[in-house]
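Make the full structure from the sequences, and use the hints.
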Amino acid sequence: MIKTGVRLAFSMLVCFMGIAGLSGCASVQPWEKQNLAKPQMTFEGDKLETGYIEHIYSSKEGASGGSGVGGGGCGCN
Amino acid sequence: MSLIRRKILHGATVALMLFMGNSNDLFALEKGVKAPDFQLTGTQGSVRLADAAGSVVYVDFWASWCGPCRQSFPWMNEMQEKYRAKGLKVIAVNVDAKSEDARKFLAQNPAKFTVAFDSKGATPAHYGVKGMPSSFIIGRDGKVMSTHLGFNASEKEKLESDIKSALEAK
Amino acid sequence: MRPVSTNKKNAVIGAALTAVALSLPLSHSAFAESAPEKGIVAFKYLNYQDSQPGTDRIGVNAYSIRGMAPIAGKWSVDVTGTFDSVSGASPLFHNYIGAPTGVTVVSGASGGGSTSSSSIAEEDRKAVDMSVTRYFSKGTLTLGTSYSSESDYTSQSISLLGTVYLTEDKNTMLTLGGSVTHDTIKPNLGSSGDIDGDDDDDRDGHDEHDEHETSGTSASSFSDHKDIVTGLIGVTQVMSKNDIIQLNLSHAQGSGYYSDPYKLNDNRPRKRDYTTVMARWNHYFSSTDGATRLSYRYYTDSFGIDAHTMLLEYVQPLPSGFTVTPSVRLYSQSAADFYVPSNPAILPDAPDITGLEYSSYDQRLAAFGAVTLGIKVQKRFADDWLVDLRYDHYSQRSDWTINGTKDAGLKDFNAHFIQVGVSKEF
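Residue numbers (our numbering), protein chains in the order written: chain A, 1 to 77; chain B, 1 to 170; chain C, 1 to 426.
There could be a bad hint or two in this list.
[Said to hold, decoys possible] Straight line, CA to CA, 30 Å or less: simulated DSSO-like cross-link-like pairs of lysine-lysine:
#1 C:K271 <-> C:K226
#2 C:K126 <-> A:K47
#3 B:K156 <-> B:K86
#4 C:K186 <-> B:K98
#5 C:K126 <-> B:K112
#6 B:K104 <-> C:K424
#7 B:K31 <-> C:K74
#8 B:K86 <-> B:K164
#9 C:K379 <-> B:K104
#10 A:K38 <-> C:K241
#11 C:K126 <-> C:K226
#12 C:K74 <-> C:K271
#13 B:K89 <-> B:K104
#14 B:K158 <-> B:K34
#15 C:K271 <-> B:K120
#16 B:K143 <-> B:K89
#17 C:K424 <-> C:K38
#18 B:K158 <-> C:K38
#19 C:K241 <-> A:K60
#20 C:K424 <-> A:K38
#21 B:K156 <-> C:K38
#22 B:K164 <-> C:K74
#23 C:K271 <-> C:K38
#24 C:K411 <-> C:K241
#25 A:K47 <-> C:K241
#26 A:K38 <-> B:K104
#27 B:K143 <-> B:K164
#28 A:K38 <-> C:K74
#29 B:K112 <-> C:K74
#30 A:K60 <-> C:K186
#31 C:K411 <-> A:K60
#32 B:K98 <-> A:K38
#33 C:K126 <-> C:K271
The hints are simulated quantities; they were obtained by calculation from the structure and are not laboratory data. What you are looking at is a predicted structure, and each value in this text was computed from that prediction instead of being measured.
Here is the structure:
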């Protein structure tokens, strides 16, 4: 199960990078990043809010992780 | 498993190479090259680089949405004031798609130097701008003497000494 | 982070991934990946309450304070302190909050409590997270550490996370990270016996699960550890002026004590590995100045749990500094291989686990689906003050699993979380 997962994930990553690299989608110029620079377009949200929400879900559900590394565990799961 | 992993890593590496190949296409303006001329609309009429021939020109590319650009404004005011007599001319080219955003920014961050607008992005493309803000120090002979990307407090001294040496150059 | 070679064409294909990251071309003009221009101080309060039909279960009040400051344009330091206080009762098995016949239940918390609830009367947790980031011309490097402490649990971790732009135009970024976590568990089982009851009750046939107590020490002095190593690799790619996507892959390997000492017959494997694939896509709408943030995560672990998580948020800036963000989150998981389904017909007795190597009645290891609906309102004052309010309603149902076998005996589970925050930039 794990092995399949790892293999699948790696192939997806490679595929994704290949597509992105070949399609020439990296054509956005530095002065064209006004919209991308807006706070609503960042992947990192409010740190305290994300901390609470991830903590809640990891203590009430079987799955956790995925968006980063680090952070403390707790006796809640 | 380890063999598979190695194969996959190999694939990933090839994909990364493709990426890096793409970055080759970008053109960057180099030292000693004649700075491309431009004619743009400014806050006070038309702005043309060639009109500043004989001066040292500090060309800055900025955008209203860029944080470090905001920080650079007081510093550019200071530089313009300090070295005006020695022949420094600061031209800040705004690259916002909507010049209206730039005017809002200018209302909050007054500029005591020349500001021009290039909403089409032709000038930064000619200069090979790689990020916001980017600056080019152009000598009295119209050639690029140094280039700089980004702005933060720790780099002010380096930038000022570059301006000084451009002003002192024969 | 500096390249060792600028001749990328001649780089040896097939080099290790890390070597590639190190041999990136660097232009003669430096890249500016600068530290944040402003520092920030933020405070946030959380109120969490969950319930099942007929009973309120766990309630949490949490308080966090965060300070982040840029240093010399090249560094930033980020510190967060959290205090939370949990009260209420956790089920002893499945949804059952009460003692099975023949078992004398003593509250797990140090403060004592009701004899009919299994676990928590009042429990405090304190946690500190610290990180230092160095900003380089082509990326960042962050070293983080965290410490969390409860009366029966401590957790320590260190992490390292690096980002590097793979292209000159900064449209492609690679993220690599890793962390090591060490947890210590010391249950507050009291001297009169733990709720597993193997010391002083007579529920024969339920003893084999307690391998952690085979040393013969009394329940009150039992302690154990858990160690987890996590690795992460991700790529962030600008797709257009209005689109950015990210793909993260992470893998964790854990070993040690995973059981829940406050639940009946809870005996889980001492190894838990998991792998996640997460894809995120943010899209900006010029017509509204709003943005959708879509993410999907696939999770699979060695307990046998597979989970799908989908989150969609829409961020809409409004006049006068307001921003409104509605969100919907969909979740589904399969059950752990050793999950023992409920049997309401035999209550107050728990299902028999005779002959099972591993077992758990924990609802969190069952198959279920969940839906969260949330709304956040934020207002910016005087340019550097930010106040926000967020409400989420969470519903968990065994019926809603799309990839597992439901346990029809489980009760519905609902929760709400309310967050109030204020922050100031300076």
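Quick rundown of the hints versus the structure:
| no. | hint | verdict |
| --- | --- | --- |
| 1 | C:K271 <-> C:K226 | 9 Å, holds |
| 2 | C:K126 <-> A:K47 | 17 Å, holds |
| 3 | B:K156 <-> B:K86 | 19 Å, holds |
| 4 | C:K186 <-> B:K98 | 61 Å, violated |
| 5 | C:K126 <-> B:K112 | 52 Å, violated |
| 6 | B:K104 <-> C:K424 | 23 Å, holds |
| 7 | B:K31 <-> C:K74 | 26 Å, holds |
| 8 | B:K86 <-> B:K164 | 9 Å, holds |
| 9 | C:K379 <-> B:K104 | 20 Å, holds |
| 10 | A:K38 <-> C:K241 | 11 Å, holds |
| 11 | C:K126 <-> C:K226 | 19 Å, holds |
| 12 | C:K74 <-> C:K271 | 40 Å, violated |
| 13 | B:K89 <-> B:K104 | 23 Å, holds |
| 14 | B:K158 <-> B:K34 | 23 Å, holds |
| 15 | C:K271 <-> B:K120 | 58 Å, violated |
| 16 | B:K143 <-> B:K89 | 15 Å, holds |
| 17 | C:K424 <-> C:K38 | 10 Å, holds |
| 18 | B:K158 <-> C:K38 | 22 Å, holds |
| 19 | C:K241 <-> A:K60 | 38 Å, violated |
| 20 | C:K424 <-> A:K38 | 18 Å, holds |
| 21 | B:K156 <-> C:K38 | 17 Å, holds |
| 22 | B:K164 <-> C:K74 | 25 Å, holds |
| 23 | C:K271 <-> C:K38 | 43 Å, violated |
| 24 | C:K411 <-> C:K241 | 47 Å, violated |
| 25 | A:K47 <-> C:K241 | 26 Å, holds |
| 26 | A:K38 <-> B:K104 | 16 Å, holds |
| 27 | B:K143 <-> B:K164 | 16 Å, holds |
| 28 | A:K38 <-> C:K74 | 22 Å, holds |
| 29 | B:K112 <-> C:K74 | 28 Å, holds |
| 30 | A:K60 <-> C:K186 | 21 Å, holds |
| 31 | C:K411 <-> A:K60 | 14 Å, holds |
| 32 | B:K98 <-> A:K38 | 15 Å, holds |
| 33 | C:K126 <-> C:K271 | 27 Å, holds |
The earlier numbered hints that this structure contradicts are 4, 5, 12, 15, 19, 23, 24.
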